[in-house]
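Residue numbers (my numbering), protein chains in the order written: chain A, 158 to 352; chain B, 158 to 352.
Take these hints with a grain of salt, some might be off.
Remember, identical chains collapse to one label, so a pair may be satisfied in a single copy or spanning two.
Simulated pairs of lysine to any residue, SDA-like, Cα-Cα distance not exceeding 25 Å [said to hold, decoys possible]: (1) K201 with R183; (2) K179 with A209; (3) K172 with V352; (4) K172 with A194; (5) K351 with G272; (6) K179 with A197; (7) K179 with T341; (8) K201 with A162; (9) K351 with G288; (10) K172 with S198; (11) K179 with C228; (12) K315 with R165; (13) K179 with E255; (14) K178 with A200; (15) K172 with L195; (16) K179 with I249; (17) K178 with G264; (18) K201 with N161; (19) K172 with I210; (20) K201 with T168; (21) K312 with G348; (22) K172 with E251; (23) K201 with L270; (24) K351 with S229; (25) K178 with A222; (26) K351 with F309.
Quick caveat, the hints were computed from the structure, so don't treat them as lab data.
The structure presented is a predicted model; accordingly, all values stated were derived computationally and were not measured.
In case you want the letters, here they are:
2 protein chains.
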Amino acid sequence: MTDNALDRLVTLFSKLPGIGKKSAARIAYHILDSNPALAASLAKELSGLHQAIRRCGVCGGFTEADPCFVCSNPARDKSIICVVESAQDMRIIEEGREFSGVYHVLGGLIAPLEGVSPADLSISKLINRLGSVNEIILALNPTVEGDTTALFLQKTLKDYPVEISRLASGMPVGGNIGYTDKLTLSRSFRGRVKV
Amino acid sequence: MTDNALDRLVTLFSKLPGIGKKSAARIAYHILDSNPALAASLAKELSGLHQAIRRCGVCGGFTEADPCFVCSNPARDKSIICVVESAQDMRIIEEGREFSGVYHVLGGLIAPLEGVSPADLSISKLINRLGSVNEIILALNPTVEGDTTALFLQKTLKDYPVEISRLASGMPVGGNIGYTDKLTLSRSFRGRVKV
Numbered sequence: 158m159t160d161n162a163l164d165r166l167v168t169l170f171s172k173l174p175g176i177g178k179k180s181a182a183r184i185a186y187h188i189l190d191s192n193p194a195l196a197a198s199l200a201k202e203l204s205g206l207h208q209a210i211r212r213c214g215v216c217g218g219f220t221e222a223d224p225c226f227v228c229s230n231p232a233r234d235k236s237i238i239c240v241v242e243s244a245q246d247m248r249i250i251e252e253g254r255e256f257s258g259v260y261h262v263l264g265g266l267i268a269p270l271e272g273v274s275p276a277d278l279s280i281s282k283l284i285n286r287l288g289s290v291n292e293i294i295l296a297l298n299p300t301v302e303g304d305t306t307a308l309f310l311q312k313t314l315k316d317y318p319v320e321i322s323r324l325a326s327g328m329p330v331g332g333n334i335g336y337t338d339k340l341t342l343s344r345s346f347r348g349r350v351k352v
Numbered sequence: 158m159t160d161n162a163l164d165r166l167v168t169l170f171s172k173l174p175g176i177g178k179k180s181a182a183r184i185a186y187h188i189l190d191s192n193p194a195l196a197a198s199l200a201k202e203l204s205g206l207h208q209a210i211r212r213c214g215v216c217g218g219f220t221e222a223d224p225c226f227v228c229s230n231p232a233r234d235k236s237i238i239c240v241v242e243s244a245q246d247m248r249i250i251e252e253g254r255e256f257s258g259v260y261h262v263l264g265g266l267i268a269p270l271e272g273v274s275p276a277d278l279s280i281s282k283l284i285n286r287l288g289s290v291n292e293i294i295l296a297l298n299p300t301v302e303g304d305t306t307a308l309f310l311q312k313t314l315k316d317y318p319v320e321i322s323r324l325a326s327g328m329p330v331g332g333n334i335g336y337t338d339k340l341t342l343s344r345s346f347r348g349r350v351k352v
């Protein structure tokens, strides 16, 4: 194909996570076929995004106002901090409406192979917040990187008077023992709950 | 969540085809985490898209220059027209580099239930192009709508001195008889090729 505006848009879309070349073309043609208002509002939101959204100075989540709507909410329990990898994980937990404490965004997980060391994460900021905190919930992915980071935080925080827990890992609700991988099954056994 | 720039972007992305709410959030956070240049170039391409791209006056495909790069290419065989549903299908066939004729974009398929009648398609324009055309290849999806449209075009064009064919339909290359649905298998039988 020739290099034109449509191809450039397809190339840009195909750089986004989860969008391959075919999906990118489908999306670009959809936008072209749609009312120009859709392209215009997408363009408007994208060009204003980085000006409008900043990091919350307290927890590190994405927000328009600093501190964010969680940190500035007097109804939230400031004595429990849920430690997450990213602002997106914070959003997902927030949508579950299960948790009423506050968050702390690490900004990544320890991954030596990718050059991410503890110094790259927002850990000293977390320690500075510990004053009135009783409990820390590590809501990190049950992966090698998540496990490494959880272990590191556990060791780093062991001299502070806080209770540390980690989200339960095991078979998902509605899951099937026959289709569960060995590691998950083994973790389900080790983390079995008395009934 | 509160209504902020990030949520508005997630909502817009989730309106695009093939992007659910979770993917939309993932994409929006990715853009926010990336260099602002990505958001800026996406915004730029989106806002200029509808000005830059128009319909080719000959075939109806999307193009920056009119006629498009296929219709204006002297090396293309103008005596064979490949009739497609959409400009996107034209792009996909063009990427296959199999076809060296020209295209005609119908702009849809006949679908009475969705209120799309033959009058909504670019059929009279196709008839006006038939002068020096020997062959018409109907490259329409093997669906009810595609079959209906192919039948309609076959009847409409039967008095013109053109050969009409339709893309072969059957099992995909690498397919498996055991996993092929009955309709496809039946079509493979009816369309069997002598060896």
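Exercise. Which of the numbered hints are not met once you compare them with the structure shown?
Worked result: 3, 5, 9, 12, 23, 24, 26
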